[in-house]
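Please assemble the complex out of the two chains, which come individually in their own frames, going by the hints.
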Amino acid sequence: MQLKHPAVAGTLESSDVQVTIHPNNGMGLDIRIESIVKAQFGDAILETVREVLAAFGVTDASVQINDKGALDWVIRARMQAAICRGVERSFDWEGEGV
Amino acid sequence: MEQRVSLKRTSLYVSGSSPANIIEAVFYNQDCIVYDLEDSVPTSEKDAARLIVYNALRHQRPAEKYVIIRVNGIYSEFIDEDLEAAVRARPDALRIPKVESAKEVQSISAKMAAIERQAGIEVGSIELWCNIESYLGILNALEIATADSRVVALALGAEDYTASMKAQRTKKGLEMFYARNALLMACRAAGVDAIDMVFSDINDLEGLREDVALARNLGFDGKTAIHPRQIDIINSYFTPSKKEIDYALRVLAAVEEGKRLNKGAVALDGSMIDKPVELRALTTIAQARAAGIKIGGENHAG
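Chains as they are written, first to last, in our numbering: chain A, 1 to 98; chain B, 1 to 302.
FYI, nobody ran anything at the bench for these hints, they're computed from the structure. The model shown is predicted, which means the values in this text are computed figures rather than measured ones. Treat each hint with caution, since some may be false.
As the list claims (entries may be wrong) - No more than 16 Å apart at the CA atoms, straight line, and that leaves these computed lysine to aspartate or glutamate pairs for EDC-like:
#: 1; chain 1: B; residue 1: Lys46; chain 2: A; residue 2: Glu88
#: 2; chain 1: B; residue 1: Lys263; chain 2: B; residue 2: Asp274
#: 3; chain 1: B; residue 1: Lys111; chain 2: A; residue 2: Glu94
Pulled out of the complex, with its shape left as it was, chain B reads as follows (with noise of 0.2 Å):
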């Protein structure tokens, strides 16, 4: 499956509980809106909340979002069911909670290839972002991301993690550190987009501030967002500085240069341009365009 260019700065979770929060999602400026059906529904909406996010994204599926609904746990009652309602509602991608091995993954996966096929979906489309909230699948990260074509991005969770290392839950997070440097790693080793964990405390934007910057400086493609407030600073954290756009330039240039003199393999710097380089100069560009900064050459924000 060929990989798509997509932002991944900010992913708003809003429930499917509430058809107030979904009409309202599509007016911020997240790259993300994450459909929920699993911890912002009560047990008894689950069914209600399958068919208004179904519904919803039939009828009205937002332009220019990337479309994710998280369902419930692998291992509850409702998982089936929230596949065959979530496949169905043809999202860019599902997103699952507190995944801790490949052969969860691949086992999810199949079922969903089950539901594109009796759907009429093209099997395999629908991508996966597996969530990372606990020291196991901390510790398969790897394993995880590279377990099936479709995982895309890897989302770590914070507050199953440090429940499940005893740990204490700090603002500044350093009970955290390891696991967002594992998790990056892992993404990093697969070529796939690394998400951070949601900073709780929705009046606090300086720390806010605090925990992009690090999460950004550490090597995250986007973090998760709780409260549309949080977007904008998320965003502005994520924009690339100068010199990454100047480097994801010459990339581009280096490929289509390769192209127009009929290289199989091309090189920058001394350095083998492969694919996934290729994917993040474009990424990079496409977070400039979506900063409004002008790219060289052209007259107009993008």
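Bound conformation, chain A alone (with noise of 0.2 Å):
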């Protein structure tokens, strides 16, 4: 799925982050993450961020995440409100997920 503009989802109030995604058209992946908890859940959120990128198909994108002791899914949430403004569509709820 291709990113059609820069897209911004969540806060940065506590328990929470915000996630900012830009194209990155036949570059990749770029991830950023800045995270107050990042020593122990920097991979954890690695992790989660790629997986959903993977869901949506995206494959090119930098991603800027700045977190503020998010839980995982909450960092899920935020990563497909962004996704899903950055390629104006809706949720596919039917598939739950992608």
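Shown next, in the form of structure tokens:
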């Protein structure tokens, strides 16, 4: 799936995460993580981000994660919202996750 | 569909826009959590709130809470996608704002059934709470309460109701007295729970006490809370009295005795005990246990 334009989802409040994604046509994935718990959970955050991108079939994107201690499901939800906004599509509820 | 016994003393609204509030909400003593997609979520964030609520429930559903999602209005542009997200999140119930007719309930129920079927969820298993918040809702409360087997509760909304009546909202709430009673009568006739309106001043705990005491005396089963600090006060007023507990125990004993003797129908004090009476008795016992009251013969606080 191709991102049409940059998109943002989430906030910088505690327990939330702000996801910013940009199209990165033909350049693959570039994921940057800033997190108050990066030392402990950086790898887990990266895995969730990659998983959601893969579920949507997004292969070219620059992703900036600004994490304020979000749980896994919050990261997942914010990633899904940012991608849906970036590709200008509603979430595919029938597929429940794609 | 078999009705379940579930406590509905307190329902706390949490915004679908706030992960922090959603995470915190699990730690309070409210019986029901209402994840809100409506008033607390700005229009530009409806899409994100649906995903937050859906993921919260799919990945970290609170145990031992009755889980409700309040969707946007029946005629709003958001309702269809809200239903997709909310049904697939598999809550105990959906809460529908500003219901005014049986037809509206049936149309929502049919849409829910289609999604349940598609998602492999038992059709009819997700219940409905109808928010009654206009004069038309009050006038049609009985047809709404009996519109569909999913409906298990009507909840009163005072702000929109008073606006629809051109009434002034006051703290004492005399302008709500008729609506409270009318809603209760419909609930009793339909055998569903009656949930009282919110008390808006979160800093006036004395006012809250008076308001809950009235609601409880009128006959309500629970009350909506808008702030965690209201929860314990509301719960305390919906703790059954010794007399109520004793009666509930006698009802349940009579039902047991009837089953033992293979009797189809049982009576207590000359009145038939039907299913709603039995359910009410079970609810009374559940409320007593939730308040830490020991029930006859138990040697532990429930």
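Could you work out which earlier hints the structure fails to respect and list their numbers in ascending sequence? The structure breaks none of the hints.
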